[in-house]
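Listed here are the chains, written in short residue letters.
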Amino acid sequence: MDFPSSLRPSLFMAGPLGMTDGPDLSFMCSWRDALTMPGSQPQNCKDRTLPLAKTLLWEPTTPGPLPLLPPGPDPWEPGMTPRDLLFRGGHRYQFRPQGGLDVTEQLSRFLWDHGDIAFAPLGRLMLENFRLEGNKGYSKKMTIVSVKRLLQDLGGHQPWGCPWAFLSHRLRRFSILGGPVLSRSVSLLMGRLLHEELATRWEQLLLDEAFTGGALAWLPGRTARAGQLVYPSGGALDKLYFQEVSVNSGGNPRVLEDPGHIQLRGPVRQVVTSTVQGETLLAVRSDYHCAIWKTDKQGPPAPLQVLQVEKGATGVSLSPHLPGEMAICSRSGAVCLWTPQDGLQLVYKDSETLAFRDPSPWRWADFTAHPRVLTVGDRTGLKMVDIQGPPGCGLLLFRAGAEAACQKGERVLLAQYLGQTGPTCTPLHLICTQFSIYLMDERLPLVPMLKWDHNLPSAPLLARLLPPASPGSPWPLLLGGQGGQLQLLHIAGEGTSMPQLAGPPQSLPSIIDSFPAFPSLEPKRQQQLQERLEAPVIGLAAAPPCASVPTLLLFQLSAAGDVFYQHLRLQPASSLGEPPDHQASECPASRAAPSVDQSSWTPQASARCRRWVEALMELSPTSPVWAAPTFSHRRFLGHVEHQKSQTMSQKLRAAMAKGKLLRPEDLGTPPRAELPPAPQCSQQDELTERLAEAWEGGAAAWWKRHQGQTSGSQTQIKRPKRRTQLSSTFSSLTSCLDFPDTSSPPCSQNLATSEAWPQAPGTLPSQELTQEPWAHGVRRERRQTLRDYMAKLPLQKDTPGPVATPPSQASSLRATPLRRQTAVLSGSHTPRKKPRMGF
Amino acid sequence: MSDFDEELTKLASAEDGKRGNSVFSNHPGMHFPWLQDRIETVVTGGKKKRDFAQTTSACLSFIQEALLKHQWQQAAEYMHSYLQTLEDSDTYKRQTAPEIIWKLGSEILFYHPKSNVETFNNFADRMKNIGVLNYLKISLQHALYLIHHGMLEDASRNLSEAETWRYGEKSSSQEVLINLVQAYKGLLQYYTWSKKKTELSEIDKDDYAYTVKTRNMLSQSCRTSANICALLKTPGVWDPFVKSYVEMLEFYGDQDGAREILTNYAYDEKFPSNPNAHIYLYEFLKREKAPRSKLISVLKILHEIVPSHPLMLEFHTLLRKSDIEEHRKLGLGVLFEVLDFAGCTKNITAWKYLAKYLKQTLMESHPAWVEEEWKSRRSWWPVFHFSFFWAKSDWKADADLACEKAFVAGILLGKGCRYFRYIVKQDGETLKKKIKRMKKFVKKYSIVNPGVCT
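Going down the list, the protein sequences come from chains A and S. Residue 702 in our numbering sits at position 686 of the first sequence; the count goes up by one each step and never skips. Residue 268 in our numbering sits at position 163 of the second sequence; the count goes up by one each step and never skips.
Everything labelled a hint here was simulated from the structure, so no lab data went into it. Careful: at least some of the hints might be erroneous.
Claimed, not checked - Below, computed lysine-lysine pairings styled on DSBU-like, alpha-carbon distance capped at 35 Å:
{"hint": "1", "chain 1": "S", "residue 1": "K426", "chain 2": "A", "residue 2": "K310"}
{"hint": "2", "chain 1": "S", "residue 1": "K426", "chain 2": "S", "residue 2": "K480"}
{"hint": "3", "chain 1": "S", "residue 1": "K464", "chain 2": "S", "residue 2": "K375"}
{"hint": "4", "chain 1": "A", "residue 1": "K365", "chain 2": "S", "residue 2": "K375"}
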């Protein structure tokens, strides 16, 4: 194996995380990694630099992944959200909002829903303090409360703390009496346990390490275009499915027949496959068990071994070198190797973490280029351990510390051996943390060969390295976050050259991006669908590209057990001036071009989604209606007056259960004709004034007038010079881009003349942003950009005061003719741009 | 002033860490970049983010998104709006802003199909003077960009400017950066030197021009050495610098200096264990025609770091020729270790060497050496190298390789081994003689008692 003849210069410092005294060179950008220093001979430096694939792009053929299989029959619950766990509201004067676990609400919900469990024993104990209806005598004792009256008072009481609830002296007396007993006993028993549980749930929401590595795998089949997907499904993820999939010439998958499945006795957390010497093996990790199967081309997979892990298994991996070898890690800190010949063998055991003390029991193991050397990892680092060497020895391959310029609080989330069998491949290890990914060469420990900040908004627990589309081209590396975000990196460099990014990394659509392709449903169902599409992604697999057709088929498994696929094509370098969706928005005529337009859904795709959602809706049972708990007090009390509103509440409840609207007719009350409230006009109401003007078509004039007022009333603040200088860098770029526009089809030519008013001004209020005066003079595709931007902006407060325009922008608006007005937008935070106003 | 600010930002980030992690029992000290977002979806309290902060952060995420979608044009447009962050009233944000802008901006300009070197220069020159603390880093990256585009003179001028730049008290990080800047400058000087050297080799030695050129080159090398030397004292990976510096030193006959540099680079404990450091030293010693024992001692260390390196085969030949018995024993181990690695299984030279050397060792009656090496590999080499699957596929792909492997398999596992049997049964016309000889030798020398099959 060749070693890179010259490595990229980098500083080497030892020390803890985030404590680097020297300059942080990771500050350098991703493009820096792509730069190569010319070799020792400057005259051929031009040849030596690798041709930087600026245009390397795997283009998705649909705007989002499509469902591969119909939804499974088992219902799925989305589980907890931050909303269920955290206190709403917070301290006003804190620097930023901070989370606190909402134990009280959970507790109060429990008491409300299961009051009989919580209070029945106590009630029996306190029986003598209550006067039921039977005993007539009036007691003056302060410790006896009349239940009838109490219930009457409680009848109107709102659960969970309505501040306006009326408190009678009886209620007060009752609460004084019962408070210490009721509140203390229950909360003492439950509070701590509940807090612990909520804390683990919250941690799980932030990082669910159980699915590290992913539970979806691709088993290659007889031909390159067919294979098997192995994944868990079912409500508890305890059925392991084997689904035959073939890829047709267009690159789309075809599901062959009904999948076979194996029923397991626990949820599947990780599925790993490996093909060694023609034998395909499959390892599965559950919470407390690991198992290995040998799969055959024909016939069902044959189980080889099932192992029980008492403390809980955290990771499993299969050897890429020797058939049937499996490494297992346990929460106890032990790493074992199972081989078909020798059975189980303890490789490494240390309950402490590697680089510094960290309480997480998560452990990980993988193989290296040497079949007898394993990597052993935890949250703080990665170590290479020789199985045959003395126990406890090893060489640290990666340490979360200054050597790799790690940030404070950075921890290892996933480690993977990327070496593929082959003579040219370098023995690389991928290490993912919350912030970055690192590529480590096992021959040069502690110094990352490549570091890249992924900026994913969730934990990257899934990674797959795929073989290149054609020999010599870069290797696609897929990186998947738990929240469904996907990124694709292009790793180049084999033999004597350094591993590096061959082009800028790209993001791929996540499952929720295909939400628009589904037909719209009624709100409740829509919500259900959205929750299902937003389910965490727990598995990632790909059918590797083959030489004839450079396409990539990506599969994602969601926690709901749904498998989605995404078809990607390597974009030919020629058509790469502008991204295709950009062209589309610029000129609608180009939509007719034969190339597949990635920004729109094909009818087939929509049909697929519709069928899927129909199947889902058929399956989803009507969720049980929540019923208020009934306390069987009536038998003590004879008849307590039924409230009049009961019929209404029953009807309301029935309507809610059906998901229907409750109309006044349903209640028997005649509908009252009520006029909508008249708008309240105030003198200062700018909005009304402006709308009225706009209605009459005088918006622009009004705007000019208004602007004149505001800019006049404000003092000119001198903008620092550097800002304008800087913006000119980018505006020069923008303006230089204008030139080709003029030569493009006529649709863009008339932009300059009539663009701001494609319709007669003020015809339709729904003309979106064209109504907005600021859009005047902004090119159309830029407006699209802006519209996207505006949609994300916070809604402005209704203070239309004269603070609107920073004067410099206003002046630039007036001074510069149409084209050059892009500068206006640099201050788009000002309240005058109300995105929703025209509607 | 800057120290105070740094102190403040440190404090602020420390507090962030504390707050963010107050809840966790399992991950104390771990930082979740997505924590605050999750909290903000629920918690409404706290000081409201100002509109300004909201627009800038929204804009930032748009830029990042556009970059990941390769929409350079759109990213540039957003960038235009993002520049407002330079006027943030939050000190910490204002301080980090130039860094972010540089990072994103340079990326956009690097990939944008219509940007050119001039635009990039413009941008870099302006960014250098915003937030003075980044001056050196930006200069360095700017120079790298220019080098990449083949504009060596511009890059050199850029680095010279950066070299003389000072701000406040010289901190250690600044010093390292200045060293780095100087080293890159040295590298550029080396390029021109190297160009002159090739020109020189074409000129007649008696020419007047020759002496002028040599003088020129001499002065160049002086400067270069001064530039590069300082950096090499800092721990790190400095392969290109060491390589070029040593080449210059060697050219001027300063062998001792070169040796010192290389020895330092290879053996200083503060440096990472860089295989290239040892390789450079070995190559230098080889050029110098150093004694064999010296070469062996250098390669011995490389062997410990990277047993799979191609130089190991050279190491083996050195050891084989050695008079010391221990070396010859090591020679066997080196070959075995090369073949341990998954990337080297098809290395026909290594198998050839092993077959030959096994023969030699056994004929010299050192079966104990073989036994010793074989002991730890007995459990996995048969499956790893000598399985039936490999026998078939090796024979198909490379019959020569299969023969060498079969010979080794025969010796190590006996003639009953499946790999050996499969290859022997094949009737390759050209290899018939070889196979026959092999069979004979295996019968005589195999370390396995006849009759034991695997």
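A quick look at each hint next to the structure:
1. K426(S) to K310(A): Roughly 48 Å separates the two Cα atoms, so the pair is violated.
2. K426(S) to K480(S): holds, 25 Å
3. K464(S) to K375(S): violated, 43 Å
4. K365(A) to K375(S): Holds, at roughly 29 Å.
Consistency note: the structure conflicts with the earlier hints numbered 1 and 3.
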